[in-house]
Amino acid sequence: MPSSPSSPRPKPNPSFSFSLEATGTHWQVELYDPITADRTQIIQEVITQRIRDFEQTYSRFRPDSFLNQLAQSAGEYNLPADAAPLLDLYRELYDISDGLVTPFIGQTLVDAGYDPEYSFQPQPTLRQPPLWEDTLSYSVESSSLTMKQPAQLDFGGIGKGYLVDLVSDVLREHGYEHYCVDAGGDVSYTNPSSPAFPMTIGLEDPDDTRNIIGTATIAHGALCGSSGNRRRWHDYHHIINPETLTSPENIRAIWATAETALLADGLATALYFVPAAILKKQYTFEYILVMDTQTIEISPDFPGQIFT
Amino acid sequence: MQTSDHRKQLVFGLAILVIIAVIVTASLSANSQKTEETSPAAEAVTSSSPVSETTTSPNAPASIQAYKDGTYSATGTYSSPGGSESITVTVTLTNGIISATNSTPKAASSDSREYQAKFINGYKSLIIGKSIDAANLSRVSGSSLTSTGFNNALKSIKSQAKT
Numbered sequence: 000m001p002s003s004p005s006s007p008r009p010k011p012n013p014s015f016s017f018s019l020e021a022t023g024t025h026w027q028v029e030l031y032d033p034i035t036a037d038r039t040q041i042i043q044e045v046i047t048q049r050i051r052d053f054e055q056t057y058s059r060f061r062p063d064s065f066l067n068q069l070a071q072s073a074g075e076y077n078l079p080a081d082a083a084p085l086l087d088l089y090r091e092l093y094d095i096s097d098g099l100v101t102p103f104i105g106q107t108l109v110d111a112g113y114d115p116e117y118s119f120q121p122q123p124t125l126r127q128p129p130l131w132e133d134t135l136s137y138s139v140e141s142s143s144l145t146m147k148q149p150a151q152l153d154f155g156g157i158g159k160g161y162l163v164d165l166v167s168d169v170l171r172e173h174g175y176e177h178y179c180v181d182a183g184g185d186v187s188y189t190n191p192s193s194p195a196f197p198m199t200i201g202l203e204d205p206d207d208t209r210n211i212i213g214t215a216t217i218a219h220g221a222l223c224g225s226s227g228n229r230r231r232w233h234d235y236h237h238i239i240n241p242e243t244l245t246s247p248e249n250i251r252a253i254w255a256t257a258e259t260a261l262l263a264d265g266l267a268t269a270l271y272f273v274p275a276a277i278l279k280k281q282y283t284f285e286y287i288l289v290m291d292t293q294t295i296e297i298s299p300d301f302p303g304q305i306f307t
Numbered sequence: 000m001q002t003s004d005h006r007k008q009l010v011f012g013l014a015i016l017v018i019i020a021v022i023v024t025a026s027l028s029a030n031s032q033k034t035e036e037t038s039p040a041a042e043a044v045t046s047s048s049p050v051s052e053t054t055t056s057p058n059a060p061a062s063i064q065a066y067k068d069g070t071y072s073a074t075g076t077y078s079s080p081g082g083s084e085s086i087t088v089t090v091t092l093t094n095g096i097i098s099a100t101n102s103t104p105k106a107a108s109s110d111s112r113e114y115q116a117k118f119i120n121g122y123k124s125l126i127i128g129k130s131i132d133a134a135n136l137s138r139v140s141g142s143s144l145t146s147t148g149f150n151n152a153l154k155s156i157k158s159q160a161k162t
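Protein chains in written order, with numbering that gives the first Met the number 0: chain Y, 0 to 307; chain S, 0 to 162.
The calculated label-pair distances, taken between Cβ atoms and stated as ranges, are: (1) S:N150 with Y:L244: 23 to 29 Å; (2) S:K117 with Y:T35: 42 to 48 Å; (3) S:I127 with Y:S138: 52 to 58 Å; (4) S:I131 with Y:A73: 46 to 52 Å; (5) Y:H219 with S:S158: 41 to 47 Å; (6) S:G121 with Y:D52: 44 to 50 Å.
Everything labelled a hint here was simulated from the structure, so no lab data went into it. Beta carbons are placed, not taken as given, at the ideal position from N, Cα and C, and that holds for glycine.
Just chain Y, same shape as in the assembly (with noise of 0.2 Å):
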């Protein structure tokens, strides 16, 4: 084992594991709480559902699911029980961004090629998406959510941390303290009384998937990654700027750490647009930014290293 300047603390074993693909990814959730053989079994059902259940509302690539109704027709909806502190995170973002994070960027990245059925074949021209105040309202107290017009929502910015805390809800509502919930990268480590055991997670080389550029050390909390490596046809990623209706290249890759996998994934993904400074003002969070001029920005107390 070669040595480096800070080699990852001793890794707490879990006494139970298991992966499944969804979201689009690869999920892995670990437990390091003694468990039973028999509640093994129903807590990875009941997490399983709870997945199957957010993909059935919020996936743009199940044709049944609640988001395409919205972009079929307008009219009054019930509000999901889950959506409001989704929807109150893309808000707070699109109004930081000048509406460049928004939800509704899902007609974009379908003329872009990126549709369910993954065709990768651009429109020569793609749609802007439309207005917040012209598309969407919603309510908590009347349980209800308006659409003005019909509209393509695409929550691929924020869902998947989003998801990752609902999972670690459903951990600690069945009474586990110590787990860990990986969605392809973006992970949520819950460890409130053992600080003995933090999780080292590698940061992936946006450049050579085979390599890590350096590591994030969380003791409780989320580390969310973005980058546009994996996710790119033609001219474009994951990530398209609703204004110039292209992909950021400036930004080759971008981690932020903060309390929750749903503000560090909203964060990673307003990073592309926003400059930290300004999202400093509103949110705790750490990050790091990877350049495409050779800088990286590291913010002073990320909780992890560059290799240098």
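Using the hints, position chain S against chain Y.
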């Protein structure tokens, strides 16, 4: 991105220069009726009128001595990445020479400290990438691993592009 701090300083400095120019223009135009040689570029003046004045000879030539002594202040606004900010510049002219200046930035937010991130430049030559296998980590974060369906679709369009 690191340009925002630099740009903020530039904009700040520029704003001060503009405000001083406005104040000097204002003091020029205050004299324009008296002396025909003065031809101030009397643009829109945003400064306040002089706080205190001393009289000068109405027939003084258009030279620097024609500027009315006094204390002038002006407030300018500029936009920074952090939002709209304003500064007030106070200038005292004595015998046409600026004898004192004072500028008071009014930060739009209560936390007006400059945010400083750390930068590693030229990282590719500096970073010793470690292979994931050798690093013995159970967890890696980057872009989300893509599903088989996605990967197959990508392969398919790439092979189409080749024909």
